[in-house]
Amino acid sequence: MNNLVKQVLENGGTIIPLLIPSKLTNGTGLTNPSILVDGDKILVNLRHVQYTLYHTNGKFENRWGPLSYLNPENDVTLRTINYYCEILDNKVARYNKIDTSIFDIEPVWEFIGLEDARLIKWNNKLYLSGVRRDVKPNGEGRMELSELEIGVDYVKEISRFRIPPPIDKESYCEKNWMPIIDIPYHYVKWTNPTEIVKVNLINQTSEQVYLGKPYYSKRDIRGGSQVIPIGDYYVAITHEVNLWKNKNKNKMARYYHRIVVWDKQWNVVNISDDFSFMTGMIEFSCGMAEYKDNILITFGYEDNAAYLLTIPKEYFLKLCKLN
Amino acid sequence: MQAELINFINNPFNDESIFWLAEKYYNEGHTASALTYYLKVTEVSKDDNLVYEALVKAGLCLQKQGNRIHSTEGVYLQAISYLPKRPEAYFLLSRLYEESKKWNESYMLASVALSTCDFSSKPLKADIEYIGKHAFTFEKAVCAWWMGRLDESLELFLELKEYNLPSHYSNSIENNLKLFNIPEIKEKIDIVLQGPYTDFTNEIISNYLQLPFVNNIIVSYWENDSPKKYKSSRVKFVESKYPITAGTDNRNYQIVSSLAGVKLITTKYATKMRTDQKYTQDSMYKMYQFFFDNKKDDHQLFVGGIFPSLLFHPKDHMFWGKTNDLIMLFDIPLELNSFINKVKIGKDKLHLYYGYFIRTETYIGAHYCANFEDYINKYLLQPDIYLHDGAPKWNEVYAISDITTPNYFKSFPKDGIDFSWPKKGWDTYPYENQKIYYGERWHEDGY
Numbered sequence: 001m002n003n004l005v006k007q008v009l010e011n012g013g014t015i016i017p018l019l020i021p022s023k024l025t026n027g028t029g030l031t032n033p034s035i036l037v038d039g040d041k042i043l044v045n046l047r048h049v050q051y052t053l054y055h056t057n058g059k060f061e062n063r064w065g066p067l068s069y070l071n072p073e074n075d076v077t078l079r080t081i082n083y084y085c086e087i088l089d090n091k092v093a094r095y096n097k098i099d100t101s102i103f104d105i106e107p108v109w110e111f112i113g114l115e116d117a118r119l120i121k122w123n124n125k126l127y128l129s130g131v132r133r134d135v136k137p138n139g140e141g142r143m144e145l146s147e148l149e150i151g152v153d154y155v156k157e158i159s160r161f162r163i164p165p166p167i168d169k170e171s172y173c174e175k176n177w178m179p180i181i182d183i184p185y186h187y188v189k190w191t192n193p194t195e196i197v198k199v200n201l202i203n204q205t206s207e208q209v210y211l212g213k214p215y216y217s218k219r220d221i222r223g224g225s226q227v228i229p230i231g232d233y234y235v236a237i238t239h240e241v242n243l244w245k246n247k248n249k250n251k252m253a254r255y256y257h258r259i260v261v262w263d264k265q266w267n268v269v270n271i272s273d274d275f276s277f278m279t280g281m282i283e284f285s286c287g288m289a290e291y292k293d294n295i296l297i298t299f300g301y302e303d304n305a306a307y308l309l310t311i312p313k314e315y316f317l318k319l320c321k322l323n
Numbered sequence: 001m002q003a004e005l006i007n008f009i010n011n012p013f014n015d016e017s018i019f020w021l022a023e024k025y026y027n028e029g030h031t032a033s034a035l036t037y038y039l040k041v042t043e044v045s046k047d048d049n050l051v052y053e054a055l056v057k058a059g060l061c062l063q064k065q066g067n068r069i070h071s072t073e074g075v076y077l078q079a080i081s082y083l084p085k086r087p088e089a090y091f092l093l094s095r096l097y098e099e100s101k102k103w104n105e106s107y108m109l110a111s112v113a114l115s116t117c118d119f120s121s122k123p124l125k126a127d128i129e130y131i132g133k134h135a136f137t138f139e140k141a142v143c144a145w146w147m148g149r150l151d152e153s154l155e156l157f158l159e160l161k162e163y164n165l166p167s168h169y170s171n172s173i174e175n176n177l178k179l180f181n182i183p184e185i186k187e188k189i190d191i192v193l194q195g196p197y198t199d200f201t202n203e204i205i206s207n208y209l210q211l212p213f214v215n216n217i218i219v220s221y222w223e224n225d226s227p228k229k230y231k232s233s234r235v236k237f238v239e240s241k242y243p244i245t246a247g248t249d250n251r252n253y254q255i256v257s258s259l260a261g262v263k264l265i266t267t268k269y270a271t272k273m274r275t276d277q278k279y280t281q282d283s284m285y286k287m288y289q290f291f292f293d294n295k296k297d298d299h300q301l302f303v304g305g306i307f308p309s310l311l312f313h314p315k316d317h318m319f320w321g322k323t324n325d326l327i328m329l330f331d332i333p334l335e336l337n338s339f340i341n342k343v344k345i346g347k348d349k350l351h352l353y354y355g356y357f358i359r360t361e362t363y364i365g366a367h368y369c370a371n372f373e374d375y376i377n378k379y380l381l382q383p384d385i386y387l388h389d390g391a392p393k394w395n396e397v398y399a400i401s402d403i404t405t406p407n408y409f410k411s412f413p414k415d416g417i418d419f420s421w422p423k424k425g426w427d428t429y430p431y432e433n434q435k436i437y438y439g440e441r442w443h444e445d446g447y
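So the protein lines, in turn, are chains A and B.
Each step along the first sequence adds one to the number in the numbering used here, with nothing skipped, and position 138 is 138.
Each step along the second sequence adds one to the number in the numbering used here, with nothing skipped, and position 143 is 143.
These are computed hints drawn from the structure, not numbers from a lab.
Watch out, some of these pointers could steer you wrong.
[Said to hold, decoys possible] DEER-style ranges, computed between Cβ atoms:
hint, chain 1, residue 1, chain 2, residue 2, range
1, A, P21, B, K125, 46 to 54 Å
2, B, F13, A, K125, 53 to 61 Å
3, B, K125, A, D75, 31 to 39 Å
4, A, K23, B, E99, 14 to 22 Å
5, A, L322, B, E99, 52 to 60 Å
6, A, Y69, B, E16, 28 to 36 Å
7, A, Y69, B, N164, 40 to 48 Å
8, B, E99, A, K59, 25 to 33 Å
9, B, S121, A, V152, 53 to 61 Å
10, A, Y69, B, S121, 55 to 63 Å
11, A, K59, B, E184, 52 to 60 Å
[Said to hold, decoys possible] Below 20 Å or equal to it, Euclidean Cα-Cα: the simulated DMTMM-like pairs (lysine to aspartate or glutamate) are:
hint, chain 1, residue 1, chain 2, residue 2
12, B, K46, A, E73
13, B, K64, A, E195
14, B, K101, A, E61
15, B, K236, B, D225
16, A, K247, B, E43
17, A, K91, B, D225
18, A, K23, B, E43
[Unchecked claim] Listing some non-contacts, in silico: residues in chain B with all C-beta distances to chain A over 12 Å:
hint, residue
19, E4
20, F13
21, Y25
22, Y26
23, T36
24, L39
25, A58
26, K64
27, R68
28, H70
29, S81
30, D118
31, E187
32, D199
33, N224
34, L336
Note that the Cβ used here is the ideal one computed from N, Cα and C, for glycine as well.
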């Protein structure tokens with residue numbers, strides 16, 4: 001399915017762009033938002049990247065190829081800043097840059113900041129969980145779990161846990177673990193086969209608590225949104241990447257998405273056909289939440305734009321092949 | 001933005017739908033988002049102008065984010081390559097170079113665009129910060145200043161000042177003009193250009209017309225000239241017949257056509273200059289300011305230099321003064337039955353015979369001084385006794401000239417005053433050479 005959003009709109013859904021004032025971003029990308037419903041509040045983490053993705057499938061490539069991250073020319077880093085937002089009446093009603101200064105060190109790798117962070121509330125604590133690569137000189141990536149304190153006019157990171165991998169302690173980059181929002185400190189680390197990891201903040205460890213059976217898929221199915229419960233099932237949006245090189249040996253990429261459905265015993269019971277959100281080549285979702293009679297999905301578009309898609313729950317269940 | 005977003009989702013491969021969504025993001029300053037959609041336009045559109053515009057806007061997106069010079073440059077270059085006759089991308093790249101202090105690149109591109117672009121191209125759909133052809137002139141003006149071409153820069157800024165441009169341009173033009181220390185305009189003057197009328201004369205006219213203190217330019221030329229007359233209501237023409245004799249060193253020509261010209265002056269003060277010498281605009285400003293700061297309520301004329309070792313001898317390239325005095329300067333007898341009517345001597349050898357005729361400048365200078373000092377007429381009646389080089393009473397006259405000449409001729413400074421004289425192959429006035437070998441002196445020397 002190419003253009004899920006169009007179908008959703010035709011079936012009663014809505015979409016809004018997620019924006020904060022451009023004076024805060026210097027115009028560079030707002031992308032890969034995550035969403036969480038907390039009581040009556042709709043919370044969003046909006047990732048601001050200090051680069052602009054130049055990505056074209058046409059004939060006007062950038063001097064560095066068809067897919068280039070255009071960082072400032074005097075700063076080769078790819079930097080992420082996260083903004084905590086609250087949504088009201090289909091608009092960003094509040095936004096605060098998340099202050100991470102307590103735990104930040106002088107970056108030692110060029111990818112800086114917490115990337116593609118998902119919002120979760122576990123044990124009454126609000127967390128962001130994403131990958132950070134700026135603390136090891138080789139760019140090692142680890143999922144981190146950061147507790148947030150929400151003040152009247154500030155949002156601050158008040159704890160940070162760099163999660164060690166459960167088995168391969170030397171793995172280079174761990175990312176896109178999908179937090180299970182109603183099972184505290186549990187992630188779906190991998191989808192094929194389904195692997196669930198439990199992290200322990202006290203012992204600073206993680207352990208594999210479930211490993212399912214592999215199944216056929218034509219590409220690696222990688223993590224995306226949080227895993228949310230819907231009725232007797234768990235559901236998540238996943239992503240797959242088709243990477244290739246063009247004739248000039250320049251990197252090209254296309255992302256695909258699916259809705260993966262598990263039963264409560266973590267058996268995969270359904271996987272949707274792959275789809276794009278808005279026909280883009282690079283799209284990415286790291287947020288999904290249930291709100292009233294709707295499912296809210298947030299996604300980034302070409303690393304440069306962010307959207308909130310509202311899908312009537314009934315239609316979403318059809319997409320999940322659950323009704 | 002909502003309407004544009006929905007329209008795009010429903011028509012994701014429609015170039016116009018994509019373009020207007022990009023515009024919404026662009027206008028809100030979300031240039032990364034805008035860039036994504038502009039690039040999509042270039043992928044799907046068959047409309048060359050829209051593809052071009054999307055490329056230009058993609059470049060603007062990157063430029064506004066700052067510090068992405070090479071990427072921005074690359075996008076503008078792609079736009080230029082795509083539709084090389086359209087001017088907009090040339091301008092934006094020229095401006096980018098200017099902002100990056102690449103003055104030569106910026107100037108070059110503006111020049112190329114002015115000579116190659118089709119300025120009647122169909123307008124683009126959205127604002128791309130291009131105000132039209134004058135934008136290139138502006139870039140050239142700014143860059144010329146930094147490249148050391150101050151006269152050209154001033155000329156271009158003054159040209160731009162005449163147009164009704166958007167305030168961010170007009171304010172910048174005003175601010176830039178302040179850098180030139182342009183004097184306050186006290187009153188306007190006419191300029192008489194005297195001599196043969198050539199194409200270069202039109203270049204001079206164009207240059208001087210831009211000076212805000214110039215009222216009219218009067219071109220006094222010869223009957224045999226066939227000029228392409230400069231078209232402006234501020235340029236007047238007078239054609240003279242050649243006198244029956246040229247006079248030594250063509251002095252009669254100068255007298256006849258200068259007088260014809262100065263008689264048409266309508267301002268209280270004026271200057272008589274030449275049709276073949278172009279003073280820089282900066283020089284003109286300096287002379288204008290100096291003249292009005294130093295003129296006295298008498299008959300003193302201001303000149304480009306004085307030769308104090310000679311008799312009543314100003315440099316005769318130009319004269320600034322009251323109109324009546326300028327008329328008096330040239331309303332003098334022609335030289336008849338002169339040296340050249342008696343012997344056939346080439347102009348290049350005249351200097352060997354200064355003992356046999358009055359030097360031209362002395363002829364004009366002495367006649368002018370005689371208007372106010374009667375006794376000088378005696379010298380003019382017997383020049384072989386008083387005025388020729390080596391004349392028996394030359395020293396007696398010299399003592400008088402030394403006192404009298406400064407009362408009627410005052411030199412401008414040499415500092416900051418320069419011209420080009422293609423006829424002689426001069427790009428600059430050889431002040432030092434003139435001082436050492438010909439004894440010329442200027443205001444700085446007390447003259």
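Hints, one by one, checked against the model:
1. At about 26 Å, the beta-carbon gap between P21 (chain A) and K125 (chain B) misses the expected band of 46 to 54 Å.
2. The hint said 53 to 61 Å for the Cβ distance between F13 (chain B) and K125 (chain A), and at roughly 45 Å that hint is violated.
3. For K125 (chain B) and D75 (chain A), the hinted distance range of 31 to 39 Å is satisfied, since their beta carbons lie about 34 Å from each other.
4. Under the hint 14 to 22 Å, the C-beta atoms of K23 (chain A) and E99 (chain B), about 20 Å apart, fit the expected range.
5. The hint said 52 to 60 Å for the Cβ distance between L322 (chain A) and E99 (chain B), and at roughly 57 Å that hint holds.
6. Our hint of 28 to 36 Å for Y69 (chain A) and E16 (chain B) holds, since their Cβ atoms are close to 29 Å apart.
7. Range check, Y69 (chain A) to N164 (chain B): about 44 Å between beta-carbon atoms, so the 40 to 48 Å window is met.
8. Separation of E99 (chain B) from K59 (chain A) is about 28 Å and conforms to the stated range, judged on CB atoms against 25 to 33 Å.
9. A C-beta distance of roughly 55 Å is found between S121 (chain B) and V152 (chain A), which places it inside the suggested range of 53 to 61 Å.
10. One distance hint, 55 to 63 Å for the beta-carbon pair Y69 (chain A) and S121 (chain B), is violated here, with the actual separation near 34 Å.
11. Remark: the range hint 52 to 60 Å for K59 (chain A) to E184 (chain B) is upheld by a beta-carbon distance near 57 Å.
12. Distance restraint check for K46 (chain B) and E73 (chain A): the Cα-Cα separation of roughly 33 Å exceeds the 20 Å cut-off, and the hinted pair is therefore not satisfied.
13. Proposed proximity of K64 (chain B) and E195 (chain A) is contradicted: the alpha carbons are some 45 Å apart, above 20 Å.
14. For the given pair, K101 (chain B) sits about 26 Å from E61 (chain A) by alpha-carbon distance, which is inconsistent with the 20 Å threshold.
15. Note on K236 (chain B) and D225 (chain B): the hinted pairing holds, with a Cα-Cα distance of about 15 Å set against a maximum of 20 Å.
16. As the CA atoms of K247 (chain A) and E43 (chain B) are separated by approximately 18 Å, the hinted pair is consistent with the 20 Å bound.
17. Using a Cα cut-off of 20 Å, the hinted pair K91 (chain A) and D225 (chain B) is violated, with the two alpha carbons roughly 77 Å apart.
18. For the proposed pair K23 (chain A) and E43 (chain B), the alpha carbon gap of about 29 Å is over 20 Å, so the pair is violated.
19. Not every beta carbon of chain A lies more than 12 Å from that of E4 (chain B), the smallest distance being close to 10 Å; the non-interface claim is violated.
20. Its closest Cβ contact with chain A, about 8 Å, brings F13 (chain B) to no more than 12 Å, contrary to its assignment away from the interface.
21. For Y25 (chain B), the non-interface assignment is contradicted: its Cβ lies about 7 Å from the closest Cβ of chain A, within the 12 Å cut-off.
22. For Y26 (chain B), the non-interface assignment is contradicted: its Cβ lies about 9 Å from the closest Cβ of chain A, within the 12 Å cut-off.
23. With a least CB separation of 4 Å from chain A, T36 (chain B) falls inside the 12 Å interface cut-off, contrary to its annotation.
24. The claim that L39 (chain B) lies off the interface is violated: its Cβ sits roughly 5 Å from the closest Cβ of chain A, which falls inside the 12 Å cut-off.
25. A beta-carbon of chain A comes within 12 Å of the beta-carbon of A58 (chain B); the shortest separation is about 8 Å.
26. Residue-level check failed: K64 (chain B) sits 6 Å from the nearest beta carbon of chain A, not beyond 12 Å.
27. Taking the minimum C-beta to C-beta distance to chain A, about 5 Å, the non-interface status of R68 (chain B) is violated against the 12 Å cut.
28. Non-interface call for H70 (chain B) relative to chain A: violated, since the shortest CB-CB distance, roughly 6 Å, does not exceed 12 Å.
29. A beta-carbon of chain A comes within 12 Å of the beta-carbon of S81 (chain B); the shortest separation is about 10 Å.
30. Remark: the non-interface label on D118 (chain B) is consistent with the geometry, its nearest Cβ contact in chain A lying 22 Å away (cut-off 12 Å).
31. Non-interface status of E187 (chain B) relative to chain A is upheld: no Cβ of that chain comes within 12 Å, the nearest being about 51 Å off.
32. At the 12 Å boundary, the C-beta of D199 (chain B) stays outside the reach of chain A, the nearest C-beta of that chain being 45 Å off.
33. Distance check on N224 (chain B): its Cβ is at least 61 Å (rounded) from any Cβ of chain A, clearing the 12 Å threshold; non-interface status holds.
34. In this structure L336 (chain B) is separated from chain A by more than 12 Å, as the shortest Cβ-Cβ distance comes to about 77 Å.
Checked against the numbered hints given earlier, this structure breaks hints 1, 2, 10, 12, 13, 14, 17, 18, 19, 20, 21, 22, 23, 24, 25, 26, 27, 28 and 29; the rest are met.
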